[in-house]
Amino acid sequence: MSDAAITFSDLTLGYNSHAAVHHLNGVVEAGSLTAVVGANGSGKSTLMKAVAGLLKPMSGKCRVEAGRRIAYLPQQSELDRSFPVRVVDIVDMGLWPRRGLLGRTAARDRALIGEALAAVGLAGFEKRPIDTLSGGQFQRALFARVLVQEADIILLDEPFNAIDAKTVADLIALIRGWHGKGLTVMVVAHDLDLVRTTFPQALLLARRPVAWGETAKVLTPETLRTARNFEEAWNDDAPWCAADNGSARASHEPHGHPHHHGAAHDHARPAPMARAG
Amino acid sequence: MYDLLISPFVEFGFMQRALAGSLLLAVAACPIGVFLMLRRMSLAGDAMAHAILPGAAAGFLLFGLELVPMTIGGLIAGAVVAVGAGAVARFTAQKEDASMAAFYLISLALGVMMVSLRGSSVDLLHILFGSVLSLDDAALSLLAGIAVVTLACLFVFWRALVAECLDPLFLRSVSRLGPPVHFLFLGLVVLNLVGGFQALGTLLSVGLMMLPAAAARFWTGRVVTMCGLAVAIGIAACLSGLLVSYHAGLPSGPAIVLSAGVVYLASALLGTRGALVARFARPHRHRTA
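Keeping their order, the protein sequence lines are chains A and B. Heads up, the first sequence is in this note's numbering, so the first residue is 1 and it goes up one at a time. Heads up, the second sequence is in this note's numbering, so the first residue is 1 and it goes up one at a time.
Note that these hints are calculated values from the structure, not bench results. Ideal placement from N, C-alpha and C gives every residue a C-beta, glycine not left out. Warning: the hint list may mix true and false statements.
What the hints assert, rightly or not - Listed next, the stretches of chain B that the computed footprint assigns to chain A, with coverage defined by at least 3 CB atoms under 8 Å from CB atoms of chain A:
1. 209-222
2. 233-246
Unchecked claim - If we take Cβ atoms under 7 Å as the criterion, some of the chain A residues that face chain B in the derived model are:
3. Ala52
4. Tyr72
5. Pro74
6. Glu78
7. Leu79
8. Asp80
9. Phe83
10. Pro84
11. Met93
12. Trp96
13. Pro97
14. Leu101
15. Pro129
16. Leu133
Can you make the complete structure from the sequences, with help from the hints?
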């Protein structure tokens, strides 16, 4: 249980030198089930993209243990649901890591797709065009794609958005199943009650790690208040992060410039590190 | 009937060439149009068609009405605009539709300026509207080459192209092919438009690219079928356009595109998927699920 699946060392992520996640340190243990929580704009999706290898860190490192395969499920809004394909084609995409650009679909793969669709409750939906699915059915199809990927690390970005209770329950059962099989799972979620009942670990983000560890210790009134008070606005004049001073980008800034995100830089990990902003 | 439909193509060499050229173009350009439409870049095809003009004009100014220099010039101009617009979209805050519009307008103005510096308006008309009835062997081999390259690329990169349109973030998480495939696709668009400007002209070649694709969307829900149907519609439009132009003495390029336009309007009215009549007809019965 104790070996690392993903290691963050001083990871800073962002766009155009504006950081979305500051100086994240810590280890996602193999076999852990972690909820990533925080307000809109707190850097949750950015962090998932970095782990999936879609975003280069501005500084620091995000290391995925060698040989571990990642299955990444983007937010539904990133997909084009009017695209003319069938449910089976969506799930079929999950075979990409094994099959690549030109590989043929083997009989075993077709069986795998059928099993995955049955497991998410979409048996018999193979030929349905995706634009006829409800939001919940579409999310089930995407979970079937994750199943087909047979990955070791599973990253789900807001899988429960605009999904009804029955579907959420079914998807949670699938996630619990992955956890039971020893897979490493990280899920971006907004529903704190759901996080408390389902996820043993939680990471609370507010552009910086506010707290990370056992869910009960992470989601306290104190930490949540801290997380709410972060600077959400994209500020063009935001001061340069003091930890970067000395780099070429920050060299023209005077040292000791007042730091706009407080004492974010003495990182304990992975124990809870609540502090008043 | 024979006189009406077959004999023009049997008796006249220029009609045979026109048929061969436009069919080669339809086979390659129509599937490209399907992907342009599905990526919501239907108008980008139009913009790219304009963007090719200064390159073709430069080739024309330096070497006269010659196929090779005009083609190479068109390819260069198209690539510059595609990469320039893509780079502005990627590295600045501006979105691709705005940067594409800016680059193609600059390019078009430059082209019109260059053509009018030397050469009469007749030459300009030739570049803008082409002349499918005067295709020579070199132009035909060029069109054949473009068709082969396009179909080969589509066949090899099919899976990546579909994934790139449908779920680009997922594709990037499992493969490095995403960005290269996007640029390969833009390259194919430019290639087909450059091929098209000999036969139909820069302005009308995009019509043969987009109209069959847009029409096919109303009939099927699968990409493969859509591409096949678009090619079929494109071929039909070429045949009917050439025949109409032969019998009625009308210009051939617009006749081809207008034929495709008729199919599009009919499809928008009568198609089985999301077309007008199907949406507004009120069925007496409905299924329970």
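Verification of the supplied hints:
| no. | hint | verdict |
| --- | --- | --- |
| 1 | 209-222 | holds (count 4) |
| 2 | 233-246 | violated (count 0) |
| 3 | Ala52 | holds, 4 Å |
| 4 | Tyr72 | holds, 4 Å |
| 5 | Pro74 | holds, 4 Å |
| 6 | Glu78 | holds, 5 Å |
| 7 | Leu79 | holds, 5 Å |
| 8 | Asp80 | holds, 6 Å |
| 9 | Phe83 | holds, 5 Å |
| 10 | Pro84 | holds, 5 Å |
| 11 | Met93 | holds, 6 Å |
| 12 | Trp96 | holds, 5 Å |
| 13 | Pro97 | holds, 5 Å |
| 14 | Leu101 | holds, 6 Å |
| 15 | Pro129 | holds, 4 Å |
| 16 | Leu133 | violated, 12 Å |
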